[in-house]
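Protein chains in written order, with the numbering used here: chain L, 1 to 425; chain U, 1 to 425.
FYI, nobody ran anything at the bench for these hints, they're computed from the structure.
Treat the hints with care, as some may be off.
Chain copies aren't distinguished; within one or between two, either way the pair holds.
Unchecked claim - With a Cα cut of at most 27 Å, we get these calculated DSS-like pairs of lysine-lysine:
| # | residue 1 | residue 2 |
| --- | --- | --- |
| 1 | 45 | 87 |
| 2 | 222 | 31 |
| 3 | 2 | 24 |
| 4 | 31 | 121 |
| 5 | 319 | 2 |
| 6 | 31 | 110 |
| 7 | 240 | 181 |
For reference, the chains in residue letters:
Number of protein chains: 2
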Amino acid sequence: MKKVHVAIMGIGTVGGGTYEILTKNHDFMLKNHGIDFCVKKVLDKNLERIASFGIPENAVASSADEIANDEDISIVIETMGGVEPAKSFIEKMLLAGKSVVTANKELISKHWPSLEATAKKGGAGLYFEASCVGGVPIIRALEESLQANHVNSLVGIINGTTNYILSKMTEEGMSYADALKEAQQLGYAEFNPTADVEGFDASYKLSILSSLAFHTCIPGTKVYREGITNVTKADIKAGKELGYVIKLLAIGKRHGNDVEVRVHPTFVPQSHPLAGVSGSFNAVFVNGDFVDDLMFYGRGAGSRPTGSAIVSDVVYAAKRTSPLYSDFENNGEVSPEINISTDFTSKYYLSASVKDAPGVLASLATVFAKNNVSIETVLQRGGVGGAVVCFLTHPAKESDIRKSIAEIEELDDENKVVSFIRVLS
Amino acid sequence: MKKVHVAIMGIGTVGGGTYEILTKNHDFMLKNHGIDFCVKKVLDKNLERIASFGIPENAVASSADEIANDEDISIVIETMGGVEPAKSFIEKMLLAGKSVVTANKELISKHWPSLEATAKKGGAGLYFEASCVGGVPIIRALEESLQANHVNSLVGIINGTTNYILSKMTEEGMSYADALKEAQQLGYAEFNPTADVEGFDASYKLSILSSLAFHTCIPGTKVYREGITNVTKADIKAGKELGYVIKLLAIGKRHGNDVEVRVHPTFVPQSHPLAGVSGSFNAVFVNGDFVDDLMFYGRGAGSRPTGSAIVSDVVYAAKRTSPLYSDFENNGEVSPEINISTDFTSKYYLSASVKDAPGVLASLATVFAKNNVSIETVLQRGGVGGAVVCFLTHPAKESDIRKSIAEIEELDDENKVVSFIRVLS
Chain L
1 MKKVHVAIMG IGTVGGGTYE ILTKNHDFML KNHGIDFCVK KVLDKNLERI ASFGIPENAV
61 ASSADEIAND EDISIVIETM GGVEPAKSFI EKMLLAGKSV VTANKELISK HWPSLEATAK
121 KGGAGLYFEA SCVGGVPIIR ALEESLQANH VNSLVGIING TTNYILSKMT EEGMSYADAL
181 KEAQQLGYAE FNPTADVEGF DASYKLSILS SLAFHTCIPG TKVYREGITN VTKADIKAGK
241 ELGYVIKLLA IGKRHGNDVE VRVHPTFVPQ SHPLAGVSGS FNAVFVNGDF VDDLMFYGRG
301 AGSRPTGSAI VSDVVYAAKR TSPLYSDFEN NGEVSPEINI STDFTSKYYL SASVKDAPGV
361 LASLATVFAK NNVSIETVLQ RGGVGGAVVC FLTHPAKESD IRKSIAEIEE LDDENKVVSF
421 IRVLS
Chain U
1 MKKVHVAIMG IGTVGGGTYE ILTKNHDFML KNHGIDFCVK KVLDKNLERI ASFGIPENAV
61 ASSADEIAND EDISIVIETM GGVEPAKSFI EKMLLAGKSV VTANKELISK HWPSLEATAK
121 KGGAGLYFEA SCVGGVPIIR ALEESLQANH VNSLVGIING TTNYILSKMT EEGMSYADAL
181 KEAQQLGYAE FNPTADVEGF DASYKLSILS SLAFHTCIPG TKVYREGITN VTKADIKAGK
241 ELGYVIKLLA IGKRHGNDVE VRVHPTFVPQ SHPLAGVSGS FNAVFVNGDF VDDLMFYGRG
301 AGSRPTGSAI VSDVVYAAKR TSPLYSDFEN NGEVSPEINI STDFTSKYYL SASVKDAPGV
361 LASLATVFAK NNVSIETVLQ RGGVGGAVVC FLTHPAKESD IRKSIAEIEE LDDENKVVSF
421 IRVLS
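Sequences are here, hints too, so could you generate the full structure?
Have a look at this one:
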């Protein structure tokens, strides 16, 4: 039996779930893992919230220093969120030799290299399974179960808020605005939803996951990012007609030394396992050169699933005899041999409102042909004072599609490409 | 950089895939994991097969002792299959202090306790991720990612052969016999298919997975087992009409100290994520008290995915400073506080051919009511000289269902319950 004292910094939703597991499953973990966990200190400026979890007064820390200076505590859980003061607090703990377990994707995505350097300096571990995809153990899988494989791609639904909104729009025909409002009322979206709906949250997670998958630093700023705020009911309807479901996908691919990393709304074929991932569920599809396709599916958020990932990391940290660090040079820079490519190849769906005149389709087709874009399907409908033409292309280069769009809009003042959605193939 | 010499015992399909990864991805693993793998010895009585993989003559071992006595070799891969001589060879290696990585589910299921004891004696590790569900890292997930959770249930499609046969019967309307024949021709089923089609293979895997999930030994002999040889086209058709797909499921459940472990054909609701797992893909659905639902999906067999699991275990073993052993008393006995329950509660589908006479439905309904079985749906069809009545029950006890079946058959000589399939709910 090993007594392990831990501290929790930040006792909001996720911190509360973590405390609940450490207390409710205390005896279970003692019996099965031989670890007697004790939550010795909790730090949060909201004392009422601390009390609401039944945490005794003598466990309330008055400062991060109090935790850093407590020699009993060997593992510190950070569930405050945001960059500061979480970053300074974590650095203090690492330098004091305490391993840190965090759910903070923004912080890890932005400051992993310096935090890992600090961890090494302090001889401490830094674990962050909970930062990506809630309770789904995708980080451990990339680190400890796929070592034999070149990962060719990872494709995931890794943001619960946007998946909830898009599922509502798809299944119940809601508008984006109404679905967002409902998500906010249910606590699935924040009052300021920007981080989720504009894809920042997914880009933080993708930068972490693709760094691990491709064995090089991929800063979040290198991730191409498009949110879901422009997705319309018409797009969803058109997708349905063509056999697709719209999802905010995070996509990482590696071909030799070319890596692409991107977050954007995507048409997913209805037969693809990711198409059925609805509501607050998340999933990551991974392809490796020997293991072929794998999918990891589960709850992407919530206090209990995220708490599960945190406490499993705490058990992992408590059992390790030496810390686990990343297996690539974690210096904040993409390895010199790696080229982050932004000229993706993809199938595309385009919807254009055009002047309804003879020859208009021929003129559009000519533009595509000129730009090496081959068309798979065309749907044309008459509209008020014009027509709507939808195209599904064969795989084409993003740059060629963008050139085609510009040229189509130049052809006639009435021409306007209203939607432009990448298609998973 | 760490030079690690390994040996492979058994160079059939899986051993060959393993050798291929260790050579093809040698430089990749050296760069990313700092390990310089060298396959120093290969043992197989078929020298032609050894040569066919381009393995040099000086790497051919003449006996297991030669490997056990080679002080350079620290990790031995066993891909021979079957119990003997694999067991004796593995024991030799463990006693010589060499960690063993194996894909052998039959051996682990039958002799894990004694092999683990031998491993401890030799100070060696024993790793078997590849024994369950091919390339899917379900064992590592249970051991290293779900430590915070009481696992309530695990439900899986964990045998590729039967899933291929049932998929062919469902999607193409083939008979069992024809589908089996095709599977044999394609190498998905063996000439003697008993181990797969009678559910032995799945019961070995379930015994391993449920032991890890429920933290107690669960010998394969404790697993209730029914194969797919009695599944008919009529069952598949009836399932389709009721919204179900038939799958050979391995089910482990724990309620308090009651554990049930069973392998049998099961109707899976078409909306359940397991319903879409077709062909040679496998998947395991896990529910934990905090993490909620998780699903792990991937290729359940094949030289490359299984090789991926083996080599990832080899990397894991090479990096560990001390071996990982099971976290429960691995003595071959179910813990005394655990009760292995065989009186499951489930929904059931029953199909009976009965005498077509007035009052027959009422008499059957009376039998069910007397035995506490509540009916959800009834379908009745006229047949030649009789009628076929199908029942879908609400959750009921297996013992009550079996009593009902016996009583229905006693009612009239013409009554016969022709199908009896459990339904996942």
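A quick look at each hint next to the structure:
Taking the shortest Cα distances, residue 45 and residue 87 sit within 27 Å of each other inside one copy (17 Å), while across copies they are farther apart (59 Å). For a Cα distance limit of 27 Å, the shortest separation of residue 222 from residue 31 across copies, 24 Å, qualifies, whereas the shortest one inside one copy, 45 Å, does not. With identical chains, the CA atoms of residue 2 and residue 24 are at most 27 Å apart within one copy only, with a shortest distance of 18 Å there and 42 Å across copies. In the homo-oligomer, the alpha carbons of residue 31 and residue 121 lie at most 27 Å apart only across protomers (23 Å), although the nearest pairing inside one protomer, at 34 Å, exceeds that limit.
In this assembly of identical chains, the alpha carbons of residue 319 and residue 2 lie at most 27 Å apart whether taken from the same copy (9 Å) or from different copies (23 Å). Proximity of residue 31 and residue 110 under a CA criterion of 27 Å is satisfied inter-copy only: 25 Å between copies versus 38 Å inside one chain copy. For the identical chains of this complex, residue 240 and residue 181 are intra-copy neighbours only, at 24 Å inside a copy versus 39 Å across copies, given an alpha-carbon limit of 27 Å.
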